[in-house]
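Residue-level listing of the chains:
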Amino acid sequence: MDCNETKWLLNAYVDGELELTRQLDIEAHLAACAMCKKAAEAAINFSYSVRMNIPVYKAPPELRVTIRAALRKESGSQLEWVSQFWRPLAGTAGIMVLGLAFAWTWIADSHDKDRELIAEAISDHSRSLLVGRLLDVTSSDRHTVKPWVTGKLDYSPPVADLSEAGYGLAGGRIDLLENRPVAAIVYRYQGHFINVFVWPAASHVIDFDVQSHQGYSLCGWSKGGLNYLIISELSQAEIEKFEDQLRDRTE
Amino acid sequence: MRRGRADRLRQEDRRRFEELFLPYLDAAYNLARWILQHDQDAQDVVQDAYIRAFKGFHRFRGRNPRAWFLTITRNTAYGWLNRHAAEEKLIPYEEEKHADLILMKEPEHELMSEERKERLQIALERLPLEFREVIVLYELEGLSYKELAATLGIPIGTVMSRLSRARRRLQEGSE
Numbered sequence: 006m007d008c009n010e011t012k013w014l015l016n017a018y019v020d021g022e023l024e025l026t027r028q029l030d031i032e033a034h035l036a037a038c039a040m041c042k043k044a045a046e047a048a049i050n051f052s053y054s055v056r057m058n059i060p061v062y063k064a065p066p067e068l069r070v071t072i073r074a075a076l077r078k079e080s081g082s083q084l085e086w087v088s089q090f091w092r093p094l095a096g097t098a099g100i101m102v103l104g105l106a107f108a109w110t111w112i113a114d115s116h117d118k119d120r121e122l123i124a125e126a127i128s129d130h131s132r133s134l135l136v137g138r139l140l141d142v143t144s145s146d147r148h149t150v151k152p153w154v155t156g157k158l159d160y161s162p163p164v165a166d167l168s169e170a171g172y173g174l175a176g177g178r179i180d181l182l183e184n185r186p187v188a189a190i191v192y193r194y195q196g197h198f199i200n201v202f203v204w205p206a207a208s209h210v211i212d213f214d215v216q217s218h219q220g221y222s223l224c225g226w227s228k229g230g231l232n233y234l235i236i237s238e239l240s241q242a243e244i245e246k247f248e249d250q251l252r253d254r255t256e
Numbered sequence: 022m023r024r025g026r027a028d029r030l031r032q033e034d035r036r037r038f039e040e041l042f043l044p045y046l047d048a049a050y051n052l053a054r055w056i057l058q059h060d061q062d063a064q065d066v067v068q069d070a071y072i073r074a075f076k077g078f079h080r081f082r083g084r085n086p087r088a089w090f091l092t093i094t095r096n097t098a099y100g101w102l103n104r105h106a107a108e109e110k111l112i113p114y115e116e117e118k119h120a121d122l123i124l125m126k127e128p129e130h131e132l133m134s135e136e137r138k139e140r141l142q143i144a145l146e147r148l149p150l151e152f153r154e155v156i157v158l159y160e161l162e163g164l165s166y167k168e169l170a171a172t173l174g175i176p177i178g179t180v181m182s183r184l185s186r187a188r189r190r191l192q193e194g195s196e
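Chains E and V supply the protein sequences, listed in that same order.
Counting with our numbering, you get residues 6 to 256 for the letters of the first sequence.
Counting with our numbering, you get residues 22 to 196 for the letters of the second sequence.
The shape of chain E in the complex, shown without the other chains (with noise of 0.2 Å):
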């Protein structure tokens, strides 16, 4: 291997990414070459200083909700095959089956559209878990937490300062139920994690007992026009109790 060559394959060296045969070539080369090796090793420095330096951009938090909620759109869209056939014909006899068919989609007793939320909350909730999804925003100051997450939402969430009763909020972020944004409030209790959601009450009105769920608690009601659903993996008798004082302090 001379230095021309081994000028060639500098990079992919550098990198790890020749065969094993080349890379002890090189490494051959680079011992007895001090201009190779010099070359080299300001690869690798270039190749350290980019990585260090150049800013990598993160995603925005509420660009997740809203892609969440698009592809939530795109999977619920139950017309797709009815519209790819009926398109050509484009007429009246199209658009009355099209009608028809929405009808029949949006026709949901009310007892699977709980299910459905309830689903989707215990997946927003133990998601919430994952390293780094919990909080958008970290503060145990309700006057940190109302205004960012009133910021990022067409509507303005209670957010209750329980940590007399125990419970210290540990912040908040927007999350996706119902095919929306929502605020999701966040305490902490005894070293566990509790998601308050709450959102406007429009389409569908909840109202459920305790209950539990794949390990966690849950339970949900409307007032002022709002929804709240609270989920922990605390245990029923202690998600009453917070249910009690979050509700004495949303009057």
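By construction, these hints were calculated from the structure, which means they are not laboratory data.
Positions of the beta carbon are idealized from the N, C-alpha and C atoms, including for glycine.
There could be a bad hint or two in this list.
Straight-line alpha carbon distances no greater than 16 Å define the calculated EDC-like cross-link-like pairs of lysine to aspartate or glutamate that follow [what the hints assert, rightly or not]: (1) 167/V - 20/E; (2) 151/E - 166/E; (3) 78/E - 60/V; (4) 76/V - 10/E; (5) 228/E - 243/E; (6) 63/E - 65/V; (7) 42/E - 30/E.
These stretches of chain E come out as covered by chain V in the derived footprint (C-beta under 8 Å, 3 or more residues) [to be verified]: (8) 49-57; (9) 70-79.
Here are the simulated distance ranges between beta carbons [unchecked claim]: (10) 33/V - 168/E: 36 to 44 Å; (11) 53/E - 33/V: 50 to 58 Å; (12) 238/E - 33/V: 19 to 27 Å; (13) 174/V - 195/E: 50 to 58 Å; (14) 102/V - 227/E: 44 to 52 Å; (15) 53/E - 146/V: 16 to 24 Å; (16) 160/E - 174/V: 41 to 49 Å; (17) 119/E - 135/V: 50 to 58 Å.
Using the hints provided, position chain V relative to the given structure of chain E.
Frame of chain E; chain V shown alone:
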């Protein structure tokens, strides 16, 4: 009326899709941001990429979700650029002109690290797209040569030479 079995399957699909691909949201955004050099455009492209990937989910063979999704993000970004090139008449990069700028070196002295940072960033912003994206994918997102070849749709030999030229130009541009 009960929800149909097909619908439940679709919801399961969506959950599986989200579990597989939402972890690459930051990587996809970073790539789109560097290709388009614009925050809102990058957000639109990434959202579009997720929808396209979801529609093509059945074609995903389970190997390397990151490379698969970054490929889709890149293609979506290119589609976006092509559509807007017609509208905005993108000014082609004139290397000769910029070469002058770049070669006007300041007297050699120890650069402040902030200054060094800024120079590197500007140099990368000014690199032609084909070099910029290979730097972003390799140095920032850590794709292997093989993944680069698949994502960029070029042979490994071309990956090697392109990355090495990209680095040289970036280095020259940031000196």
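Status of the hints after comparison with the structure:
1. Taken as a hint, the residue 167/V and residue 20/E pair is honoured in the structure, with Cα atoms around 12 Å apart against an allowance of 16 Å.
2. For a cut-off of 16 Å, the pair hint linking residue 151/E to residue 166/E stands: about 11 Å separates their Cα positions.
3. For the proposed pair residue 78/E and residue 60/V, the alpha carbon gap of about 24 Å is over 16 Å, so the pair is violated.
4. Restraint check for residue 76/V and residue 10/E: the C-alpha separation of about 46 Å exceeds 16 Å, so the hint is violated.
5. Using a Cα cut-off of 16 Å, the hinted pair residue 228/E and residue 243/E is violated, with the two alpha carbons roughly 21 Å apart.
6. Restraint check for residue 63/E and residue 65/V: the C-alpha separation of about 14 Å stays at or below 16 Å, so the hint holds.
7. Proximity of residue 42/E to residue 30/E is assessed by CA-CA distance (about 13 Å); at most 16 Å being required, the pair is judged to hold.
8. Residues of the stretch 49-57 of chain E with a Cβ under 8 Å from some Cβ of chain V number 5, which satisfies the need for three, so the listed coverage holds.
9. Here's how the stretch 70-79 of chain E fares: 7 of its residues keep a CB closer than 8 Å to some CB of chain V, so the rule of at least three is met and the hint holds.
10. At roughly 40 Å, the beta-carbon separation of residue 33/V and residue 168/E lies within the given 36 to 44 Å, and the hint holds.
11. Between residue 53/E and residue 33/V the beta carbon distance is about 43 Å. The supplied range of 50 to 58 Å is therefore violated.
12. A hinted range of 19 to 27 Å holds for the C-beta pair residue 238/E and residue 33/V, which are about 24 Å apart.
13. Evaluation of the 50 to 58 Å hint for residue 174/V and residue 195/E yields a pass: the beta carbon distance comes to about 54 Å.
14. Between residue 102/V and residue 227/E the C-beta distance comes to about 47 Å, which sits within the given range of 44 to 52 Å.
15. Between residue 53/E and residue 146/V the beta carbon distance is about 20 Å. The supplied range of 16 to 24 Å therefore holds.
16. Residue 160/E and residue 174/V have their C-beta atoms about 46 Å apart, which keeps the hinted 41 to 49 Å range intact.
17. The supplied range of 50 to 58 Å is met by residue 119/E and residue 135/V, whose beta-carbon atoms lie about 55 Å from each other.
When each numbered hint is compared with the structure, violations occur for hints 3, 4, 5 and 11.
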